[in-house]
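Engineer: So you can see what is in the structure, the chains are spelled out below.
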Amino acid sequence: MTGVPDPRRAQTFRFVRCGYADGVAELVYAFDDGPELTERVRFPDPPPLDGERRRAFDAALRLLHLVAGVSYYKAGIPAALEIENGVPDAAAAELLDALYLHGLAEFAYRNGVDLRGRIRFPRDVQSGTPAAPLLEGGEPASRTLVPIGGGKDSLVVVEALKAIGADATAVWVGASPLIAGVAARTGLPMLNLARELSPVLFEYNRAGAWNGHVPVTAINSATLTCAAVLYGFDAIAFANERSASAATLEYEGQQVNHQWSKGRDFEAVFAAYLRSHVAAGLDYFSLLRPFSELAVTRAFAKSGAAYFDSFSSCNRNFRISGPKPVDRWCGQCPKCHFVFLALAPFLPKPRLLKIFGRNLLDDETHAAGFDALIEYRDHKPFECVGEGAEARAALAARAARPEWREDALVARFREEIAPQLDGSALGLEPWLVPSGEHQVPARFSGALDAIHGA
Amino acid sequence: MTASPSLLAPDAPWVVLKFGGTSVATVERWHTIRRLAAARREQGMRVLVVVSAVSGVTDALKALCTCASEAREGALASLVARHRELAAQMQLDRADEMERWLASLAALIFPLSPGEGGEPAPGEGAGIRQSLVDSGPPLKPTSRRESAYSWQAAVQAHGELLSSALGAAFLTANGLATRWLDAREALLARDLPFLNERARRLSAQVQADPDPAFAAALAARGEVFITQGFIARDAAGDTVLLGRGGSDTSAAYLGALLRATRVEIWTDVAGMFTADPREVPGARLLQHLDYEEAQEIATTGAKVLHPRCLSPCRRARVPLWIKDTRFPELAGTVIGLQPAEAVPSVKAISSRRGITLVSMETSGMWQQVGFLADVFALFKQHGLSVDLIGSAETNVTVSLDPGENLLDSDVVAALATDLARVCRVKVIAPCAAVTLVGRGMRSMLHRLSGVLAEFGRERVHLISQSSNNLNLTFVIDEGILDGLAPRLHELLIRAGALRTDDAGLFGPSWQALYGAGAAGARAPWWKAERARLLELAENLHSPSGRGEKRATPRYVYHLPTIRERARALRALWSVDRVYYAVKANPHPAILAALAEEGLGFECVSPGELAAVEAVRAAHGSPRLFTPNFAPRADYEAALLDRATPVPEADGSAPGPGSRVASAEPLPTLDALHPLHHWPEVFEGREVMLRVDLDRGVGHHDKVRTGGAASKFGLPMEQLDAFLGLAREHHVRIVGLHAHLGSGVLDASHWAQVCGQLAGIADRIGSVRYLDLGGGLGVPSHPGEAELDLAALDAALGEVRRTCPQYELWLEPGRWLVADAGVLLARVTQLKRKGALHYLGCDAGMHALIRPALYDAWHPIENLSRLGAPADTLYQVVGPICESGDVLGADRHLPESREGDVLVIAQAGAYGESMASHYNLRPLAESVVIE
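One line per chain: the protein sequences are A and B, in this order.
First residue of the first sequence: 1, per the numbering used here; consecutive thereafter.
First residue of the second sequence: 1, per the numbering used here; consecutive thereafter.
None of these hints come from the bench; they were simulated from the model.
Even glycine gets a Cβ: it sits at the ideal position worked out from N, Cα and C.
All clues stand as given, with none of them false.
Within a straight-line C-alpha distance of at most 30 Å, the following computed DSSO-like cross-link-like pairs (lysine-lysine) qualify: (1) A:K324 with B:K711; (2) A:K162 with A:K324; (3) A:K324 with B:K303; (4) A:K302 with A:K162; (5) A:K302 with A:K324; (6) B:K583 with B:K527; (7) A:K302 with B:K380.
Incomplete in silico selection of chain A near chain B, CB under 10 Å: (8) R110; (9) N111; (10) N205; (11) A207; (12) W210; (13) D327; (14) G331; (15) C333; (16) P350; (17) L353; (18) N359.
Turn these sequences into a full structure, and let the hints guide you.
Structural biologist: If you want it as structure tokens, here you go:
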């Protein structure tokens, strides 16, 4: 009943062209000779672009075009990729090969398809790449973009940057009343970018397209790179923790990580690419990389009180911002379960329960959800949540506390699950020690201290 | 200006009038005070007016006490300016007394000699001090030997001293000779040994027993007085404050001291209500309460009166009136002695959030002397005060009231650690306490079964009923409190436990007084159509030709009302399509009218599909087929027997714009079974998927359609399996549907459902439509607020903007047709049985089963005697041999006779469509009118 063919029968996915004018970037794709899929990204109040900045922006826009294509490519996963507006160099092609393969690993697992050997971006290995320009600005007038998601992690970054007096701007992509509300609470200047997916994609979806998870952090990273160059920022500080690098599961020999584009490997490759190909002085990093989920949650418990009644990490309810806890926390999804559990060791019980409006650990209907988190009888859920051992440590810590130990799921853990575990591996403290492995520029080391010492 | 009336007798009765901060903040409000005081004086009473500080001033004075010394000069200057401006508005040429208090305030803030406790050094603020102190009348020396608390009390007392000084000048200047009384002369704080210094100074208590000598001495001084709320003196003669709610308390103390005829608390709300009007707009004004009931309501949640002010009045037996300055003629709430012939009734529901329960379990407490004493000692040691207590042989559960201390310190953990040494502890939170208040609660228990059933589904952690027989408190999970109060309020009314039919006790609803519809709810259409309806009821229609009276029971439907409703929904920005739930009323004329208004049809059976098919106007209308546990043959009949999708008019294939081909209904599935066992029926087709979001709301058990206990919807954990089956059999899920129940009046509720559906739709990919079902509530009881369509549109619009790729659909039934239909019935017999009057009519549960099935409440009026005084309390019953055949219990109607025509309103939905032949009585007929 729709006007487009089933994209799963397409032979080729084409990167047709991209362009930018008056604050609107257009990214155009197509399957075979089908209708063009045009995505638009809107940058409010755009300053003029010229000289080196124009050159850097063009490179960023090309990168965005190639990265954001993943949302459309996945509808058909055809065998051939064609890039009609200039073949990328080897570095870009390798970045894209990895991104499309690993970023779509969960998609592939869920749909029962194998993308290995299927994704190979064309590349120009002959011509060298001109050095990326070094844009004016930089220290001491350093300006940082902080992407805000409405959840606790980016707020820990916000508070750490505030603690060192950094000039930071809260940025988010898309219309979300919840994020807008939280961003306003930060007290930082705000930047809201709009991203409009091509409506043709929805037609393809109705015509039977493949569907599933895409590496949205990579798309946001490329979008914010454009924004950073356009508005004159020299740092993008994401909020991806250590555990984002851990695989969710292994499937037929392939690591499947729900949050691959939040991981260390992507961060390293992407940051290096920006320095070599986009703008030499642009730092891209995650300020939370040295920390476990638990360490970040602890920092949030200490520094995030101003957000307790407005933040939400829930994935089901993200469209709604309301004053009541049930408006913001569905209480059913893995994110609700994990954030509840991870905050429990660091907040007085009545405060935690006030945030969520209910006690998820005293409700037996949530047993399966918490079992998944602690990897008891199940694998880790496909959500951005901490490592199983971390969740076990948080639960074990509660099991030792008189004000928690009789709650239904805590008691169950104590009586049924804990005896099967190695007690020496259940400590909370090891999770609170930051690792030295990160790519945070030295000028932000004070912010790392602020998080650790929070 | 009022002429000076004759002198009052020395023993003329006293009345105390109290006015709050907003009532003394503008000249217009001061004129109101003058009018009210003068009127009391005219009636032969001696008047004492008690005033609060001008609104905002007490807070400013508190800030002045704590702010940095360099900020004090500016803060003081703005207070001075505020009062002088008000004095100018009040046209007081000489406000000497006010100036005197401003000067005394300045002297306190900027003393001449060095002070203690963070007070300013000499020299600071000299300018403003100089200008005030030296230009004003001579000052009494201010005693400054006391602590910082004493100084704070003296500073804060100036708010009331200033407002009362302004008032005395204003009232006198406007013709009502008024004497200024220093409240510290009248009220002496008790020296209570258990009070600390702070409480002694800032929240003091006064022993206020009737003092005829003081009353006589004061009477000798004049007739109209004005004094300060909030302040008193201690034994040393220093100023002390009465704490929160202090001005109400002052009025109560003074009323008791003078043994006044009454104390009138003038405020901006008419009194106490049966529930918090912000949650329950239909809450009714309580016109009479006894002291204990009022105390209980004030303590358990109502904010209008501070609970402290009740006991002085009770001891002195002084009635307390609450009155609204904006509606002085309104009776308000009168609190006094319990009336002799009071009918027991629940008076109010109140609730408190943020409660933490501590449950202590041990076998050791059984017959163990001192166990509880030891346990409670631990609470005391951690500074926690216990409110409610429930106990069993091996368990004691207590409640802790909310407090920042509880939320942000480790006190609960520390308490639990100590308690864990003697018992098993469980900390249960967040909880809410819901209290039913009313004298004689125990005698109403049998009526509360419906209410208990409402709690029964939830986890009730503690129930408390004190021996004073005034309250019944349930402690439940806080999460279920939302929306609970309106349901309980309605259930209590239906159960006859909250006797809102007692017009002497229960006044107008908050909605009627202050709500958006306060201008007067529109009269229902049938009042204007009375003559026509009577004619329809008289028309001796005789299908059998034997002249048998068959004009009643008869349904009458008003099409203009239905069209108006349909247009209102179609006008919603955020809703793309509206499907009428045919089951509500499949009358062909109604289907035709709705098709003409552009609505689609939601059918739940082949019969309903056929009914739509039979209506010519509905031929092009989109249809949904939404059966539940239907046999395979129903789907086959709906889908396979029909032609393939109808092409567009130009012969092209139906484009995305046509959405649903007109001839083929879009089926809804809500289980794995059909795709598992009969996939060929759906192969290659588009379907809607009805999911169960595991939350149900609505006005009755049987109309809730979400949650595990409901048979509807695919549980979320089976979603992946469903998607797998759909993929395997090339079935495309184009829409998601969730329907949570009926009678929902809260707009935000749909936005939540919509947000959740959009989240699921994002995972599926092929979804175009989000169908939010129906359930739009129709207010039935007088005073209940209409569903706010604009709020619904706004709430849905907010979600919609985040996911513009989805169309939003609604499927209302009742909302469209309920108000448009009435059931006409004729009075058959009357019977008196004990205290009850039964009014029999020819319409019973065979014609309208909703009252029997859902406890639904339908308005009932005697159409033959419309407008006559409704002075008889009837049980309106039908002719069916079932004790549940009651159409309306406890209805006030004019005294009725056999043959009178009754109108049973709001019967357009689920009336005729649920009618039966039970007792082999014929089906009611129906007529449509324009």
